[in-house]
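Colleague: Protein sequences, first through last, are from chains A, B, C and D.
Counting from 1 along the first sequence, just add 66 to a position and that's the residue number in the working numbering.
Counting from 1 along the second sequence, just add 1 to a position and that's the residue number in the working numbering.
Counting from 1 along the third sequence, just add 16 to a position and that's the residue number in the working numbering.
Counting from 1 along the fourth sequence, just add 23 to a position and that's the residue number in the working numbering.
Keep in mind the hints are simulated off the structure, nothing from the lab.
Here the structure is a predicted model, which is why all the values come from computation and not from measurement.
Hints may contain errors.
Said to hold, decoys possible - Cut-off 25 Å, straight-line C-alpha distance, at most; resulting in silico cross-link-like pairs (BS3-like, lysine-lysine): (1) A:K98 / A:K132; (2) C:K220 / A:K235; (3) B:K310 / C:K220; (4) B:K52 / D:K223; (5) C:K487 / C:K523; (6) C:K263 / B:K310; (7) D:K195 / C:K143; (8) D:K220 / A:K213.
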Amino acid sequence: MIEALKQRLSEHFQLTNLTIKNAGLAFLWVEKHELEMLLRQLRDFEGYTHLSFIIASDHIEKNQFKLTYMLHNYDTKHDLGVHVDISRVNASMHSIHPLWAQAWTYQRELKEMYGIDFPESPRVDEDFCLEGWDDMPPMRRDFDTVKYCEEHFDDRDGRATEENRQTMKVNIYPERGE
Amino acid sequence: MNLTHDFSPTPEVDLASGKYVKIWHGPQHPGITGNMSLELTLCGDEIVNCKTHVGYLHRGFEKLMERRTYIQNFPLVCRIAVPEPTFNEYLYSAGIEDLAGIEVPELAKWLRCLNLELMRLGSFLMWLGGASGAFGMSTVYQWTVTHRDYILDLFEEMTGARIYHMYISPGGVRAPLPDGFKDRCLMVMKKVEKLLYEVETTVLNNAVFKKRAIGLGVISSDMVDAYGVTGPNQRAAGYARDTRKDSPYLVYEQLDFDVITATGSDAFDRTIVRYQEMHQCVSLIRQMLDRMPTDGAFHTPTPNVLHWKIPAGETYVKAECTRGEYGYYIETDGSEYVRRVHIRGPSYTHAIAVMEKLVIGANIADVAGLMVSLHTYPPEIER
Amino acid sequence: MKLKDVISPFYVWQRAFEKPYTNTKPIDTRPGADAYRGFHVNDIDKCVGCSSCQTICQNHAIDMVTTDKNSMPGDSGLRPRFDYGRCCWCALCVDICPSGSLHMSNEYAWVSDDPDSFRFTPGVDEKPWYQHEQGYHRDPNYNLLKLERAEMDMLSTEEGLKSFDEVVSGYNHEQAIAEADRCIECNICIATCPAHMDIPDYIKAIREQDLEEGLRILYKTNPFSATCGRICTHRCEDDCTISHLGKPLAIRWLKRYIIDQIPAENFARILQDSCEENGKKVAIVGAGPGGMSAAYYLRKQGYRVSVYEANKRAGGMLRYGVPTYRLPDDQLDKDIDYIISLGVTMHYETKVGIDIEFNTILDNNDAVFLSTGLNVPSNLRITGEEHPRVVSGLQVLFDTASGNNPNVGQKVAVIGGGNVAMDAARVSRRFGADVTVLYRRRLEDMPADPEEIKEATEEHCHFVTQAIPVKIVPADNPNQAIIHWGEAEMVDDGKGGRPRPILQDDKMHTETYDTIISAIGQSGDYSFLSESIRNDLSLKWHKFEVDDRQRTRIGNIFIGGDVANEVADAVSAIADGHNAAIGIHQYISEKV
Amino acid sequence: MTDKNDYPTLANADLIDAERSLFCDARPVPYEPYPVDFVEKFANWVRANSLWVLAFGTGCGAIELNPLMTSRFDANRYGIQMRPTPRQSCVIVVAGYSSVKTLKRIIRSYEQMQGPKFVLGLGICSLNGGMYWDSYNTIKRIDQYIPIDLYVTGCMPRPEALLAGFIELKDKIKAGQCDGTNRYVKDFDWYKANQKKVIKNWDMPDYNW
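Work the whole structure out from these sequences, hints included.
Modeller: So, in structure tokens, the structure goes:
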């Protein structure tokens with residue numbers, strides 16, 4: 067079934083990769099500029115009418131963000147994840163808010179959490195979860211949450227731990243070994 | 002289907018004119034579910050514009066999970082949706098098992114399923130209290146929260162905790178059922194069933210409730226897919242879609258149940274759908290207690306959890322929670338840490354986009370009732 | 017609107033006549049459920065301070081703190097302290113606890129206005145809930161650790177008996193990874209290992225498939241890893257924390273795995289041992305594990321090292337006392353050749369005291385390390401033991417190792433219960449003999465490694481315990497001897513020590529054997545030392561007294577190995593050699 | 024009454040000019056006990072037996088407030104009651120973690136409450152960050168931002184533990200030991216500095232009474 071879908075889509079789009087996870091789930095990769103058309107095609111002609119979510123994941127080692135648009139087809143009970151790799155530098159993506167009336171929420175979150183811009187998306191610059199955030203977008207891999215905590219929030223004193231390797235060395239064989 | 006979200010207020014709102022007034026509904030407001038807020042613009046007592054504000058409960062779970070090992074995430078995930086933690090536990094475990102190729106023993110599947118259905122019932126009871134409270138019947142709230150507490154007692158016995166069970170762990174469950182659990186569970190089911198009939202008399206056949214809820218917050222059928230509406234909200238609009246039936250997980254295939262739908266798609270019909278699903282829960286729990294195996298392995302040994310690595314891959318697992326499609330997208334990169342987790346909660350779209358749309362034109366007094374009728378849990382929105 | 021809808025809400029009034037839901041005394045009447053995850057309880061006598069709870073706690077709620085428990089091998093002496101400003105009662109610490117000391121009570125209420133009061137050490141600080149029987153305990157069928165060892169391929173007993181080929185095949189890649197995966201990195205074993213090897217580190221290297229790093233870690237503390245990977249007494253495994261719950265980690269086989277995977281010719285490239293000459297000279301007497309280990313670490317620091325060895329080849333007991341089915345020669349050579357390749361001068365077949373005077377060595381070097389080993393077999397001290405068919409176990413092993421058939425005949429008795437006795441018995445089996453092992457105490461008293469005893473049994477060595485040899489008389493056939501032995505009764509010594517065997521005169525047995533192998537122990541030969549040196553060095557129970565850097569009362573003489581330590585196993589000798597090298601380096605550096 | 028000059032006015036520097044006139048610029052005033060000891064004791068007894076709790080579920084701890092306030096545990100019989108507005112409340116329950124965004128609302132709500140007012144820190148997150156000790160969006164120690172009178176540990180604390188906390192709070196109030204209100208007044212500048220350190224967009228008055 068998914069093979070047939072791939073066949074049909076390949077006529078119009080350059081699908082770079084397709085992985086079939088199981089009978090109910092597959093992922094495919096598409097180029098950035100083809101995404102909107104592909105999603106429209108999937109929604110209007112292939113029955114993938116339900117958008118579960120849009121997320122990004124940070125592939126910092128490839129200097130890319132991987133966007134995932136998870137669609138669901140209620141007739142075939144099939145989930146299809148559409149991946150798009152976009153550059154991490156000045157990350158920006160076309161908005162799909164005309165396709166799904168909820169998409170702008172996800173895009174607003176991505177702007178805040180990853181710093182991916184969706185220029186046409188409404189209210190994309192408003193605060194979503196955070197308020198007055200002035201640091202790097204927190205979901206990026208290079209944002210160190212522990213360091214941020216140490217800088218901004220204070221721990222309660224009175225905690226100290228010992229390393230048993232060192233303790234045993236001091237107590238049992240202080241002289242022996244190197 | 003080409004419905005887009007409406008961002009500009011219907012009339013041009015000029016606050017200086019004195020015709021409109023802007024008020025904040027929440028976060029500290031008894032008529033709000035959880036900790037979120039609505040920025041409402043009113044003309045008289047009619048709402049002309051609404052902006053939702055979330056993030057009061059944002060803890061950065063998806064970030065925290067990226068820096069904890071697979072087993073360390075297991076206690077963390079249940080905190081994501083406070084009133085209904087077990088779906089997180091199940092989906093996280095299911096995702097990990099899928100990626101690591103772990104097969105779950107038969108008994109564990111039944112126990113997981115039982116746990117999920119008990120949770121669903123408990124969660125619905127809590128919701129029912131909130132719904133009747135929001136429409137002015139706080140007596141029913143007292144009843145249902147108490148009955149939810151009886152279910153929490155069962156959880157305490159079964160899992161060792163009332164709220165954060167941490168019971169469904171990657172590989173299976175943590176412990177078998179204690180002795181005599183079945184009888185106590187059936188007794189609670191009997192009590193709950195009696196309560197449900199009382200609720201039917203007092204709430205569903207209540208003139209005040211009918212007057213207020215019928216026609217409130219109608220989700221039109223073209224909204225359903227455009228806004229990604231799922232769960233009872235969607236079923237109340239006439240769509241017979243239920244993940245438990247469509248892509249069965251655990252032991253749902255072996256259980257006997259039907260997808261419950263309604264046609265009105267308003268606050269009243271959503272209540273009816275949930276009310277019937279509670280009866281369905283009771284029936285499912287009884288079926289499971291009847292048919293589940295009594296002994297056998299309940300946990301498949303995992304690799305040493307202290308340095309458990311899972312091969313690179315990605316998966317999306319989902320389940321039907323009380324509010325709709327609850328899903329976990331998990332991406333691994335072969336290390337001891339998960340690469341990316343995304344938790345797809347149904348409240349995300351229900352409480353933000355759908356709420357903003359439905360509340361326009363509603364009466365300020367009905368905002369609480371409308372919000373409850375969508376059944377949203379803020380902690381799962383912002384995570 | 018129907019009238020019914022207006023009336024029906026008044027149904028709630030019916031509740032006025034029912035029993036209320038309210039619990040009148042909720043705090044007192046509702047204890048946590050049987051398996052409730054409440055406050056922690058720790059049996060501090062059972063706890064070994066392995067820190068696994070600290071490692072797994074995602075909230076950093078656990079600190080390991082010093083208590084009045086002392087550190088000892090197998091117990092770090094530290095105990096977990098919980099911060100109830102962090103704990104989330106997930107009980108992962110209980111689930112992981114390898115010693116099973118940690119569990120939870122069903123107590124749950126703790127109210128205080130002092131935020132610093134929510135830290136406590138269970139078992140140490142007095143808390144009212146320790147006596148609660150209810151509470152969360154890990155289900156025995158729920159395990160977060162792997163308790164069984166990875167399977168090891170071994171030769172079948174029949175195959176093993178046919179030749180002197182190695183019995184244990186060693187781990188393959190999958191097995192090694194699986195076994196390394198079991199480690200919980202608690203570091204408890206390091207203290208137990210005489211050489212204090214960085215065991216968790218090299219196991220981690222295996223897990224991460226970085227064997228070259230593993231090799232570097234091994235050589236930091238032990239240049240005999242191929243050897244120790246096979247015949248080490250692995251006392252680390254006795255104290256392995258997992259052994260409280262399941263089978264201890266096969267640390268020895270993992271060490272062997274690293275060495276087996278790396279060809280000898282790559283050692284120099286991986287280890288990068290540079291030996292910048294420092295112009296000082298050190299002599300070593302005895303090329304056993306102790307001597308060669310000292311040679312390695314001294315050579316690495318730039319000393320010119322000369323090793324004097326009485327036999328043809330280096331290795332000492334490892335070569336002449338351990339049969340090749342346990343330690344093949346090529347594996348021993350792998351270790352020794354690498355050490356020699358660093359530029360150690362070897363003087364083979366040079367017996368100190370005969371071929372060269374000890375004082376000459378002492379005068380020509382800045383320091384001397386003695387590690388001559390115990391090579392004189394102890395006598396049976398019974399009549400008739402000078403019979404030609406009574407040979408020592410060491411002799412049998414030495415002949416075998418040198419390539420000579422010891423001609424033990426068809427029927428052999430081995431007297432003794434140590435490792436030498438087991439080796440002699442199993443060697444004799446390989447030469448086709450029927451072997452009977454006579455031991456004066458019980459099977460469980462045997463000093464030999466349990467594995468050795470098990471394998472000897474599997475190879476059909478016949479064990480006769482509580483048998484005391486009384487005398488040996490010549491048989492009719494000059495190639496046979498008759499042994500008289502009597503059954504012994506185990507008598508409590510009355511002081512709580514181990515029971516002593518007492519001969520029962522009325523239960524005597526006689527048996528004829530082709531060879532009687534005596535293997536009841538060995539001692540050192542110190543005749544090469546002059547009287548005055550020997551007196552200065554101070555012998556105690558035939559062993560030299562040394563400090564923890566192997567120093568003696570004579571500044572430039574260092575002693576180690578079996579002649580100095582009580583344990584007398586290979587890894588202790590290796591550790592002694594390493595320590596002596598440090599001691600010698602300190603001594604010479606300070607002298608300059 | 025204390026002389027007004029002891030309490031210089033606040034700058035409200037972060038408010039825009041148009042809004043400055045909407046808020047007062049007075050500093051908080053400490054609670055003065057009644058001059059007669061007997062009257063003060065009686066007042067404390069009255070306060071202890073009518074704990075009006077602000078219905079503000081700041082975190083996940085709020086989930087156990089529902090059972091506590093309903094018929095099974097029925098906290099009403101102990102004089103504990105939920106109120107929808109801070110003006111009617113004297114107790115605020117910091118239910119677990121507080122994200123920075125919520126902290127801002129907690130501070131506003133707390134400052135609007137009637138004195139003498141009491142704060143109950145619920146769960147491990149209010150003590151030392153708890154589960155979210157490494158989260159970039161939740162504070163670790165609530166006592167740096169508002170004065171806490173009592174902590175109840177647990178995750179979740181059960182309704183019984185919560186109830187035990189309330190009873191302990193009552194005892195403390197009766198004994199006159201809950202001085203959180205005055206601590207906040209005394210160390211006002213310290214609290215304010217801590218609050219402003221984490222709340223980046225401070226667009227509210229310095230003291231929101």
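Colleague: Output the indices of the hints that this structure fails to meet, ascending.
Modeller: none
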